[in-house]
Amino acid sequence: MKINPDKCVACGNCTYVCPMGAIYIDPAIKRATIDRDECVECYACYNGLSKENLNPTMVRTMRKVFQLMRLRFDPEPDVCPTNAFEPDELVWPRVVRRAFSDPRVPHESTGIEGRGTEEVKTNDVSGRVKEGEVGFTIEFGRPGVGARFHEIERMSMKLAAAGVDFEKKNPVTTLMTDQKTGRIREDILNEKVMSAILEIKTTIGKTEEIIRLVKEVEAEIDTVVALGVGVRCDANGDENVVAPILEKLGYGLHRAKTNIGLGRITNPDAIEAARKEAAGAAK
Amino acid sequence: MFAICSRGKNDKDALPKLRQFLQMAIPFKPVNLGDARHGGCLRPSDKLSPFNHWNRDLTPDLEEVVRGLDAPTTVAAVFDNRVAAIDFLKKVKEADLGVSINISTSIENAEACCHEVGIPRHSVGYSLGFEGKTEKLPNTQTMMLSTMCGHGMVSHSLAKKMIDWVKEGRRTPEEAVTYLARFCSCGVFNPSRAKRVLEDARHAMK
Numbered sequence: 001m002k003i004n005p006d007k008c009v010a011c012g013n014c015t016y017v018c019p020m021g022a023i024y025i026d027p028a029i030k031r032a033t034i035d036r037d038e039c040v041e042c043y044a045c046y047n048g049l050s051k052e053n054l055n056p057t058m059v060r061t062m063r064k065v066f067q068l069m070r071l072r073f074d075p076e077p078d079v080c081p082t083n084a085f086e087p088d089e090l091v092w093p094r095v096v097r098r099a100f101s102d103p104r105v106p107h108e109s110t111g112i113e114g115r116g117t118e119e120v121k122t123n124d125v126s127g128r129v130k131e132g133e134v135g136f137t138i139e140f141g142r143p144g145v146g147a148r149f150h151e152i153e154r155m156s157m158k159l160a161a162a163g164v165d166f167e168k169k170n171p172v173t174t175l176m177t178d179q180k181t182g183r184i185r186e187d188i189l190n191e192k193v194m195s196a197i198l199e200i201k202t203t204i205g206k207t208e209e210i211i212r213l214v215k216e217v218e219a220e221i222d223t224v225v226a227l228g229v230g231v232r233c234d235a236n237g238d239e240n241v242v243a244p245i246l247e248k249l250g251y252g253l254h255r256a257k258t259n260i261g262l263g264r265i266t267n268p269d270a271i272e273a274a275r276k277e278a279a280g281a282a283k
Numbered sequence: 284m285f286a287i288c289s290r291g292k293n294d295k296d297a298l299p300k301l302r303q304f305l306q307m308a309i310p311f312k313p314v315n316l317g318d319a320r321h322g323g324c325l326r327p328s329d330k331l332s333p334f335n336h337w338n339r340d341l342t343p344d345l346e347e348v349v350r351g352l353d354a355p356t357t358v359a360a361v362f363d364n365r366v367a368a369i370d371f372l373k374k375v376k377e378a379d380l381g382v383s384i385n386i387s388t389s390i391e392n393a394e395a396c397c398h399e400v401g402i403p404r405h406s407v408g409y410s411l412g413f414e415g416k417t418e419k420l421p422n423t424q425t426m427m428l429s430t431m432c433g434h435g436m437v438s439h440s441l442a443k444k445m446i447d448w449v450k451e452g453r454r455t456p457e458e459a460v461t462y463l464a465r466f467c468s469c470g471v472f473n474p475s476r477a478k479r480v481l482e483d484a485r486h487a488m489k
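Same order as they appear, the protein sequences are chains A and B.
First residue of the first sequence? That's 1 in this note's numbering, and the numbers climb one at a time after it.
First residue of the second sequence? That's 284 in this note's numbering, and the numbers climb one at a time after it.
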């Protein structure tokens, strides 16, 4: 993202809306400026601010007059008065920032918007996490801190060494050069993103070990982590297996995403594939 | 409550079903409605008039959200009371859309909804909260506002600014909430709860 200095009037509205705090008014040029190293290309400024398309010279003159009179105009805080934001043509590896930061852009690897993951939100259709299994989502950077891939790699390598399976339909997994070691491609390691999620699956018996391992790495990296644990409920809709383990580890279980199981496979080719799989299993 | 299809499994005929989900929610008076490509029912404008500084239209346009859905994506309806959520869930169950339906709320609330509607939970994704360098995070009230958009598009700075503006009397909580909601890219921001948070923040000054 860039700010057109010919249009910017240094109103300062955008400095507040940037989730990374990467926009500031540069006193030398008296224009809003983006710290490109901190900017994660989330487009919150471009997509979230309303645009007024006012004449910059007129707005600057008015602001100068008000300033001289020690008056302050009290504008709407979610407006760019001169439509000064202009998207950059992003190239590799910087384009990775936007893929992981602008939730309106579907991830190329999974076709999914947001953070590009389905997790247990579609478990009734995908069957991703089965009874006896636990799906972990380890999210880095959100809210408002951001994360670089070298921090994510520290976690993925530790997890790989513990023998977990990385979810294949996951944007971070697709950026690994080797899923056995959890190593992420070198050219993106210093790229900063708003949020990225590692998805792994393991057996219920390894739940405690994985959580302890995640906590170890959390202490070594310079960002925040949000841990999610996805499990399959029993036929009655109860889940009394993983919850006690989490409570034993000191987690108060308050919030969750609950999949109520109303989904089903409807794509003709997926129905056929499921039928073949069931026939193969029966043999 | 949100509806989502699984890529390669049930996405081919999902668009009309997702649109139906949104349309069905409207009579139950959701406080927000949205999709992951276009945001919620309060959206930024590309051609705002300068006169809008004095008379900005704060009315959510729920029908526009339904009309604007143009591709299979995650769609969400947000409710601020359990009765409406349960009634809507009954309707969703009857409609048998075939896409995955999820409830994002407290575990107790979700269990109560499922029990009331007679649906056993299929899977649950526990949110265990934030860990790691939590010293980089702001105070609780700011976090309550900024994390209402699950993608982190509502910045801590704007949330803090709105708390300050409400405290100073420069904006009402209702006005402040609309500014924040426009940055949420998927429509799960809860304006009703945000208003309560802002009112609490103002009273905390006394």
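No lab work stands behind these hints: they were computed from the structure.
Just so we're clear, the structure is a prediction, and the values are computed from it rather than from any experiment.
Don't take each hint at face value.
[Claimed, not checked] Each computed SDA-like pair below joins lysine to any residue, with the alpha-carbon atoms no more than 25 Å apart:
no., chain 1, residue 1, chain 2, residue 2
1, B, K419, A, G250
2, A, K276, B, G381
3, B, K330, A, N4
4, A, K201, B, K419
5, A, K2, B, T417
6, A, K215, B, D344
7, B, K416, A, N47
8, B, K443, A, N47
9, B, K330, A, E86
10, B, K312, B, D344
11, B, K373, A, A235
12, A, K169, B, L298
13, A, K248, B, G412
14, A, K201, B, K443
[Said to hold, decoys possible] What the simulated footprint calls covered on chain A by chain B, stretch by stretch (three residues with Cβ under 8 Å from a Cβ of chain B suffice, anywhere in the stretch; the number is not a length):
no., region
15, 23-33
16, 54-64
17, 68-80
18, 120-133
19, 172-183
20, 231-242
Ideal Cβ positions, reconstructed from N, Cα and C, are used throughout, including at glycine.
Coverage claim, chain B over the region 231-242 of chain A, checked by counting residues with Cβ within 8 Å (three needed): Result for this restraint: holds, n = 9.
Pair hint outcome, A/K201 versus B/K419 [Cα-Cα no greater than 25 Å]: Outside the cut-off at roughly 29 Å; violated.
Stated coverage of the region 23-33 of chain A by chain B [criterion: 3+ residues, CB within 8 Å]: That given contact is violated, which follows from only 0 residues of the region 23-33 of chain A lying within Cβ reach (below 8 Å) of chain B.
Within 8 Å of chain B's CB atoms, at least three CB atoms from the region 120-133 of chain A: coverage verdict: holds (count 8)
Proposed proximity, A/N47 with B/K443 (alpha carbon, max 25 Å): holds, 20 Å
Holds or violated: A/K169 to B/L298, with C-alpha atoms at most 25 Å apart: holds, 22 Å
Satisfaction of hint between B/T417 and A/K2, Cα-Cα up to 25 Å: Answer violated: A/K2 to B/T417 is near 30 Å, above 25 Å.
Pair hint B/K330 and A/E86, alpha-carbon separation not exceeding 25 Å: Answer holds: B/K330 to A/E86 is near 16 Å, not above 25 Å.
Holds or violated: A/K201 to B/K443, with C-alpha atoms at most 25 Å apart: violated, 38 Å
Given hint A/N4 paired with B/K330 - CA-CA distance at most 25 Å: holds, 18 Å
Per-stretch coverage check for the region 68-80 of chain A, three Cβ contacts closer than 8 Å to chain B: As far as the region 68-80 of chain A goes, the hint holds, because 6 residues have Cβ atoms under 8 Å from chain B.
Chain B over the region 172-183 of chain A, status - at least 3 residues with CB closer than 8 Å: Result for this restraint: violated, n = 0.
Violated hints, in rising order: 4, 5, 6, 7, 14, 15, 16 and 19; the structure is consistent with all others.
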